[in-house]
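*Asks:* Protein chains in written order, with the working numbering: chain A, 1 to 287; chain B, 1 to 287.
To be clear, the hints were calculated from the coordinates, so they are not data collected in a lab. Please note: incorrect hints may appear among the correct ones.
The calculated BS3-like cross-link candidates involving lysine-lysine, where the alpha carbons are at most 25 Å apart (straight line), are [what the hints assert, rightly or not]:
hint, chain 1, residue 1, chain 2, residue 2
1, B, K23, B, K87
2, B, K262, A, K240
3, B, K262, B, K23
4, A, K240, B, K168
5, A, K23, A, K87
6, B, K240, A, K262
7, B, K4, B, K23
8, A, K168, B, K240
9, B, K87, B, K4
10, A, K240, A, K23
11, A, K206, B, K168
12, A, K23, A, K4
13, B, K240, A, K206
14, A, K4, A, K87
Selected chain B positions facing chain A (in silico; Cβ < 10 Å) [what the hints assert, rightly or not]:
hint, residue
15, G123
16, T151
17, T185
18, M201
19, F203
20, K206
21, A220
22, L245
23, H250
24, A255
25, Q277
26, M278
No residue lacks a Cβ here, since even glycine has one placed at the ideal position from N, Cα and C.
Number of protein chains: 2
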Amino acid sequence: MADKTIAVIGLGLIGGSLALALKGFEGYEIAGVDVSQPTLRFAREHGVGDTVTDDALEVLPRADVVFLCLHPRGIVQFLSEHRGDFKPGCLVTDVCGVKTAILEASRVLPEGVDFIGCHPMAGTEFSGIEHAFAEMFLQSHFILTPRETSTEEHMALMRRIAGYIGCKDVVVTTPEEHDAILAYTSQMMHIIAVSVCDDPMLFTCKGFEGSSFRGCTRVAALDVSLWTQLFSMNAPALDKALGELEENLHAYREAVRSGDLKLLSEKLAYSAARKRQMDLEGPDLLE
Amino acid sequence: MADKTIAVIGLGLIGGSLALALKGFEGYEIAGVDVSQPTLRFAREHGVGDTVTDDALEVLPRADVVFLCLHPRGIVQFLSEHRGDFKPGCLVTDVCGVKTAILEASRVLPEGVDFIGCHPMAGTEFSGIEHAFAEMFLQSHFILTPRETSTEEHMALMRRIAGYIGCKDVVVTTPEEHDAILAYTSQMMHIIAVSVCDDPMLFTCKGFEGSSFRGCTRVAALDVSLWTQLFSMNAPALDKALGELEENLHAYREAVRSGDLKLLSEKLAYSAARKRQMDLEGPDLLE
Chain A
1 MADKTIAVIG
11 LGLIGGSLAL
21 ALKGFEGYEI
31 AGVDVSQPTL
41 RFAREHGVGD
51 TVTDDALEVL
61 PRADVVFLCL
71 HPRGIVQFLS
81 EHRGDFKPGC
91 LVTDVCGVKT
101 AILEASRVLP
111 EGVDFIGCHP
121 MAGTEFSGIE
131 HAFAEMFLQS
141 HFILTPRETS
151 TEEHMALMRR
161 IAGYIGCKDV
171 VVTTPEEHDA
181 ILAYTSQMMH
191 IIAVSVCDDP
201 MLFTCKGFEG
211 SSFRGCTRVA
221 ALDVSLWTQL
231 FSMNAPALDK
241 ALGELEENLH
251 AYREAVRSGD
261 LKLLSEKLAY
271 SAARKRQMDL
281 EGPDLLE
Chain B
1 MADKTIAVIG
11 LGLIGGSLAL
21 ALKGFEGYEI
31 AGVDVSQPTL
41 RFAREHGVGD
51 TVTDDALEVL
61 PRADVVFLCL
71 HPRGIVQFLS
81 EHRGDFKPGC
91 LVTDVCGVKT
101 AILEASRVLP
111 EGVDFIGCHP
121 MAGTEFSGIE
131 HAFAEMFLQS
141 HFILTPRETS
151 TEEHMALMRR
161 IAGYIGCKDV
171 VVTTPEEHDA
181 ILAYTSQMMH
191 IIAVSVCDDP
201 MLFTCKGFEG
211 SSFRGCTRVA
221 ALDVSLWTQL
231 FSMNAPALDK
241 ALGELEENLH
251 AYREAVRSGD
261 LKLLSEKLAY
271 SAARKRQMDL
281 EGPDLLE
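In isolation and in its complexed conformation, chain A is listed as follows (with noise of 0.2 Å):
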């Protein structure tokens, strides 16, 4: 058995992924950890980690490093019951989409146990393990909140982890910020998808969709249970994130009912010079 081990709690969609991405890395066991037994049998059967069990105390004693891949509400219940069973000295990290709540609850692992948050902005609309594939985080950022006093050590660790799993960059940050910015980026995305699909012609609309329409309300098909979490963790951020798209929208609106040809062009210009300037890269679109 190898020295080192990296434990991945939770393997849905994105735990199942990132222990597929870490086989190999630096000789580390990566121990997959999972109480749904359909799940367990899955990983066994399609190698997703070197071993995998039910009970995390089998693994936390020996972990070095410990990823929390549950639902955010998860995470903060796992924290509190298993707060006593990490290894000193360990690095304890997560994979989920809010940060404050989670840093805040992380301080009651004992002195000498590290936290790091971590957010791998990569995924998909699926979930569960068998969506689950090693090249999910290929070209994304991975952002991280660490403490004050996390080690240097602990985050070096974590960088040579995201280059491992093909991420593009590592980004630092705080719980705050991240929370703020991903309420604009990613959590109102995906209310924007549900909305759309909530108007009326969506069903008599089939054929007369494209790229824009696909790419817009992909994420509706989301997890009912995480986005609750998500959005409930994050709210007072996510409110002020809408309130300023109800006031954008409805300025283009007005521009649209106004008839006026060249208050929306002007609009138009510098809403689109805005976008080329922003000038994103990354894996996208076929067409």
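Assemble chain B onto chain A, guided by the hints.
*Replies:* Showing chain B alone in chain A's frame:
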């Protein structure tokens, strides 16, 4: 020289791609027409069209099919200016994203010149011949809005063209239905994208964006003149779709603000189930 000719009027992103995709179709000569000398030079150097010219009158008298690939108001103007120049018995069609105004404008054509409105649901956020590519239409919908008097022969020809350039299917509808639905599936997606880019957080969010953000905002880098025309020529339908969106977004915002997790979760379950039921296929995201 071939004894049958398809004229492509306007060699921009769509016209250029169409000329490339049509190459070799049933022995037709593909004759490209554009008023821009740089565009014509590019077309000659890259084989966009079997022949190219800046003079529509060189081509119209022999063209059996005329694809108008100009901006909407350019199509209206071309139809009016050249109404007497089309070959008797020919088929005139177009590729633009509004149909009621175009079918209306086609009434200037003399008897014996057929018109079928056409909208291939394909495109990218770029413009100009240098971004054209023959594969643009692969797996796209090919929407037709014929006149009542359009001939079966011409409809069959359009279906063969759709198949040749790689479209997934042919959807036949009325101009009014096309415009009502496209306000939702296409124009509203572009209004959402530009509205999201008007948020002050746009530039600070770089490094924190994933595929949902890229998918939603990609089309914000739009062709300002084209989209000003599309929005304004379909303003009532677009206004209606935006009103529906405002209501649906606001209901989600209220659910987030309320702190009522049961309400939020039920709303998400409803919308996500609608999206899954819709089950769109199509060329899509790489991740």
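*Asks:* If a hint holds in the structure, say so; if it does not, say that too.
*Replies:* Hint check:
Restraint check for B:K23 and B:K87: satisfied, since their Cα atoms lie roughly 22 Å apart, inside the 25 Å limit. For the hint pairing B:K262 with A:K240, the CA-to-CA distance comes to about 22 Å; that is within 25 Å, so the pair holds. For a cut-off of 25 Å, the pair hint linking B:K262 to B:K23 is broken: about 57 Å separates their Cα positions. For the suggested pair A:K240 and B:K168, the alpha carbons sit about 41 Å apart, so the restraint of at most 25 Å is broken.
Of the pairs offered as hints, the one joining A:K23 and A:K87 holds, with about 22 Å between alpha carbons and a cut-off of 25 Å not exceeded. For the hint pairing B:K240 with A:K262, the CA-to-CA distance comes to about 22 Å; that is within 25 Å, so the pair holds. The hinted pair formed by B:K4 and B:K23 meets the criterion: a straight-line CA distance of about 13 Å does not exceed 25 Å. With a C-alpha separation of about 41 Å, the suggested pairing of A:K168 with B:K240 is violated against the 25 Å cut-off.
In summary, the hint linking B:K87 to B:K4 is supported, as the alpha carbons are separated by about 12 Å, within the 25 Å threshold. Proposed proximity of A:K240 and A:K23 is contradicted: the alpha carbons are some 40 Å apart, above 25 Å. A hinted pair counts as satisfied when its Cα atoms are at most 25 Å apart, and A:K206 with B:K168 qualifies at roughly 13 Å. Taking the CA atoms of A:K23 and A:K4, the gap is near 13 Å; set against the 25 Å cutoff, the hint holds.
Of the supplied pair hints, the one linking B:K240 and A:K206 holds, its CA atoms being roughly 19 Å apart against a limit of 25 Å. Taken as a hint, the A:K4 and A:K87 pair is honoured in the structure, with Cα atoms around 12 Å apart against an allowance of 25 Å. Given the 10 Å rule on beta carbons, the hint for B:G123 holds: about 7 Å separates it from the nearest Cβ of chain A. Because the smallest distance between the Cβ of B:T151 and any Cβ of chain A comes to about 23 Å, over 10 Å, the interface hint for this residue is violated.
Interface restraint check for B:T185: the shortest CB-CB distance to chain A comes to about 5 Å, inside 10 Å, so the restraint holds. Checking B:M201 against chain A: minimum C-beta separation of about 5 Å stays under 10 Å; hint holds. Annotation: B:F203 was flagged as interfacial toward chain A, and the flag holds, the nearest CB pair being 6 Å apart, inside 10 Å. Restraint check, B:K206 versus chain A: the minimum CB separation of about 7 Å is within 10 Å; hint holds.
Interface restraint check: B:A220 against chain A, minimum CB-CB distance 4 Å, threshold 10 Å, status holds. A least Cβ separation of about 6 Å between B:L245 and chain A falls short of the 10 Å threshold, and the interface hint therefore holds. With a cut of 10 Å, the hint placing B:H250 at the interface with chain A holds, because the nearest CB-to-CB distance is about 7 Å. With a least beta-carbon distance of about 8 Å to chain A, the hint placing B:A255 at the interface is held under the 10 Å criterion.
Interface restraint check: B:Q277 against chain A, minimum CB-CB distance 8 Å, threshold 10 Å, status holds. Because the closest C-beta pair between B:M278 and chain A is about 6 Å apart, less than 10 Å, the hint holds.
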